[in-house]
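Undergrad: Please put together the full structure from these sequences, using the hints given.
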Amino acid sequence: MKLGFNLILGGVLTGLVILAGLLAPWLAHFDPVLDADLMNAELPPDATYWFGTDAQGRDVYSRMLYGAQISLTVGIVSQIINTLIGVALGMSAAYWGGWWDDIVNGLTNVMLAIPSLIFALAVMAVLGPGLVSLLIALGLTNWSWTCRIARSSTLSLKSLGYVQAAQTLGYSDTRIMFTQILPNIMGPVLVMATLGMGSAVLSEAALSFLGLGIQPPFPSWGSMLTDARQMIQIAPWTAIFPGMAIFLAVLGFNLLGDGLRDMLDPHMRTRKL
Amino acid sequence: MNAPLLSIDDLHVRFPLSGSWFGRQRRMLHAVNGLSLDLAKGECLSIVGESGCGKSTTALSVMGLQEPTQGSILFRGKPFSGPQAPSRMERAMAAQMVFQDPYASLNPRQTVWQSLAQPLRLHNVTARSELSDRIETVMRSVGLTPEQATRYPHEFSGGQRQRIGIARALILQPEIVVLDEPVSALDVSIRAQIINLLLDLQEEFGLSYLMISHDLSVVEHMSDRVAVMFFGQIVETGPWSAIFSDPVHPYTRRLIATIPDPGAVLGLSREAVVDGPAQAPAGWRFADDGSSAPDVTQEPKPSELVEVAPGHFVRLSRS
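Chains A and B supply the protein sequences, listed in that same order.
So the first sequence is numbered by this note's numbering: it starts at 1 and just counts up by one.
So the second sequence is numbered by this note's numbering: it starts at 274 and just counts up by one.
Don't read these hints as lab results, they were simulated from the structure.
Ideal placement from N, C-alpha and C gives every residue a C-beta, glycine not left out.
Just so you know, not all the hints are guaranteed correct.
Covered, in the sense of this in silico footprint (three residues per stretch, anywhere, with C-beta under 8 angstroms from a C-beta of chain B), are these stretches of chain A [claimed, not checked]: (1) 124–132; (2) 167–173.
Each computed SDA-like pair below joins lysine to any residue, with the alpha-carbon atoms no more than 25 angstroms apart [claimed, not checked]: (3) A:K158 with B:Q387; (4) A:K158 with B:Q383; (5) A:K158 with B:S360; (6) A:K158 with B:D561; (7) B:K574 with B:Q387; (8) B:K351 with A:Q167; (9) A:K158 with B:Q391; (10) A:K158 with B:T342; (11) A:K158 with B:Q339; (12) A:K158 with B:G416; (13) A:K158 with B:E363; (14) B:K314 with B:D283; (15) A:K158 with B:G355; (16) B:K351 with A:G170; (17) A:K158 with B:W557; (18) A:K158 with B:E428; (19) B:K351 with A:S172; (20) B:K314 with B:A377; (21) A:K158 with B:K574; (22) B:K351 with B:E428; (23) A:K158 with B:D282; (24) A:K158 with B:M301; (25) A:K158 with B:K314; (26) A:K158 with B:A377.
TA: What follows is the structure in structure tokens.
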């Protein structure tokens with residue numbers, strides 16, 4: 001199978017983010033929180049502080065590595081929650097139809113009508129700031145597209161011979177969904193999950209930027225941007241490097257999702273986003 | 274005559290048509306309109322008709338994939354539809370189905386072995402040795418080797434896939450096999466092989482076939498009896514020899530006229546069978562000669578099946 005350019009570049013960028021997060025304790029030069037030193041505040045990038053230091057004199061490079069952990073956790077965990085909800089609702093709605101389908105469809109449309117960031121903001125306001133509420137908020141608000149994809153894929157499979165054959169062979173509905181339908185809709189669902197990771201990283205940055213996500217002094221790319229905002233003219237490196245990290249991570253997830261889609265679905269190969 | 278294995282009595286299937294939310298009564302699509310059939314043990318009964326005549330809906334009703342609106346289906350005298358219908362697990366031992374499209378009827382993510390072993394496990398065949406025994410046996414009887422069971426469906430040709438589909442239908446040893454256009458998606462050169470295979474299996478396992486087809490030359494090779502369907506009703510039914518040599522209903526005649534070379538199939542000239550006007554018996558007329566598309570939102574006009582020769586019925590109404 002020929003690997004696309006998107007898949008390779010996306011894989012490399014995503015791999016870099018994963019490596020950065022996993023190896024942060026070994027790659028970092030300083031502790032991201034404790035090594036604050038006001039004497040070294042707002043230093044431009046040099047040999048010791050590769051990406052410079054922030055207002056508290058902490059190493060931007062080290063904080064960015066630890067920030068990758070947050071971004072990855074948020075991206076992966078929230079997408080797992082989203083995918084579980086979306087697939088469970090979409091698949092069962094398409095399979096059973098009737099009033100359940102109507103309810104799920106209505107719910108999906110409501111979710112699509114409300115901007116997910118606003119919804120996440122509301123959930124965060126109720127749950128209070130912090131990583132766990134961030135995961136819950138982003139996990140509960142972005143399942144609508146996955147749900148739609150799962151539903152439409154299931155609809156197209158439902159009338160196929162092998163699903164009907166499973167019914168005539170005595171399979172229960174849940175067994176049919178797990179053994180016959182789920183393995184055959186995993187492709188598009190996986191693509192949606194990967195693309196969703198990019199937007200989850202962005203939402204995390206946005207919520208942390210607004211002060212609702214990761215709380216200081218712990219580093220996340222969004223909260224680093226918040227801190228950098230006030231001194232962007234005197235210490236632009238504090239904003240540029242976390243911004244670049246967000247940009248590259250989101251680009252990586254999106255390219256990976258695109259590449260996966262092209263690989264899993266040959267009919268889409270010619271279409272470009 | 275023995276009690277029939279499967280007995281369909283006055284089957285109606287209607288589908289609601291969308292688009293009338295306010296006030297008016299919902300319009301219905303009448304797919305099957307009072308169909309009655311008996312299938313005897315070891316018999317092959319073919320239902321023929323054009324697409325949309327309700328023959329596939331009938332097959333789905335028999336399989337329990339489509340709930341009848343009205344009427345009953347009995348298997349060995351016990352209800353096979355409606356509230357007293359058996360569970361999916363019990364039903365699976367009675368009737369299985371071979372699907373039309375061999376490219377859509379096998380799960381692409383499962384090896385043949387998995388496709389055959391899963392239903393067996395579900396029906397409490399769990400011992401490894403018995404599993405492989407039964408899978409080997411069924412693979413051999415459909416003309417494949419047991420080693421081929423480790424492969425995925427995409428590694429097989431259309432004809433081989435249809436053999437796997439047949440193997441899956443037989444794995445639980447059902448009594449009735451519903452064949453939904455079993456060869457129409459296959460190459461002409463493969464068709465004869467599959468037809469012969471189905472005939473061999475019928476003899477070997479004493480199967481009863483309910484075959485759905487639009488291709489009369491296939492029907493001719495396989496069936497003991499033929500039921501011609503038009504607009505959800507049987508318009509003519511009888512032993513295949515009677516239907517082919519002495520078709521009464523104008524719709525049956527036109528179907529036979531579509532066989533490219535009836536001489537080769539029937540040993541008759543086309544003229545002898547289908548030329549000349551269709552003659553209804555004295556005192557009767559054809560309620561609907563099937564020459565124009567029916568209005569499927571209306572019920573058909575009243576008519577009845579009249580026995581014109583022993584076992585040969587034609588749909589007529591009194592003139």
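Undergrad: Now, for every hint given, state plainly whether the structure supports it.
TA: Hints, one by one, checked against the model:
1. 124–132: That given contact is violated, which follows from only 0 residues of the stretch 124–132 of chain A lying within Cβ reach (below 8 angstroms) of chain B.
2. 167–173: Holds, because 6 residues of the stretch 167–173 of chain A bring their Cβ atoms closer than 8 angstroms to Cβ atoms of chain B.
3. A:K158 with B:Q387: 20 angstroms, holds
4. A:K158 with B:Q383: 17 angstroms, holds
5. A:K158 with B:S360: Holds. K158 (chain A) to S360 (chain B) sits at ~20 angstroms (cutoff 25 angstroms).
6. A:K158 with B:D561: Violated, at roughly 36 angstroms.
7. B:K574 with B:Q387: 50 angstroms, violated
8. B:K351 with A:Q167: 20 angstroms, holds
9. A:K158 with B:Q391: 19 angstroms, holds
10. A:K158 with B:T342: 22 angstroms, holds
11. A:K158 with B:Q339: 14 angstroms, holds
12. A:K158 with B:G416: Violated, at about 30 angstroms.
13. A:K158 with B:E363: Satisfied, since the Cα-Cα distance of roughly 22 angstroms is no more than 25 angstroms.
14. B:K314 with B:D283: 21 angstroms, holds
15. A:K158 with B:G355: Cα-Cα ~22 angstroms, so holds.
16. B:K351 with A:G170: Roughly 19 angstroms separates the two Cα atoms, so the pair holds.
17. A:K158 with B:W557: Between K158 (chain A) and W557 (chain B) the Cα gap is close to 46 angstroms, so the pair fails against 25 angstroms, i.e. violated.
18. A:K158 with B:E428: The given pair, whose Cα atoms are some 23 angstroms apart, holds under the 25 angstroms limit.
19. B:K351 with A:S172: 22 angstroms, holds
20. B:K314 with B:A377: With Cα atoms ~30 angstroms apart, K314 (chain B) and A377 (chain B) exceed 25 angstroms; violated.
21. A:K158 with B:K574: 35 angstroms, violated
22. B:K351 with B:E428: 42 angstroms, violated
23. A:K158 with B:D282: 29 angstroms, violated
24. A:K158 with B:M301: 23 angstroms, holds
25. A:K158 with B:K314: Judged against 25 angstroms, a Cα distance of about 32 angstroms means the pair is violated.
26. A:K158 with B:A377: 11 angstroms, holds
Consistency note: the structure conflicts with the earlier hints numbered 1, 6, 7, 12, 17, 20, 21, 22, 23, 25.
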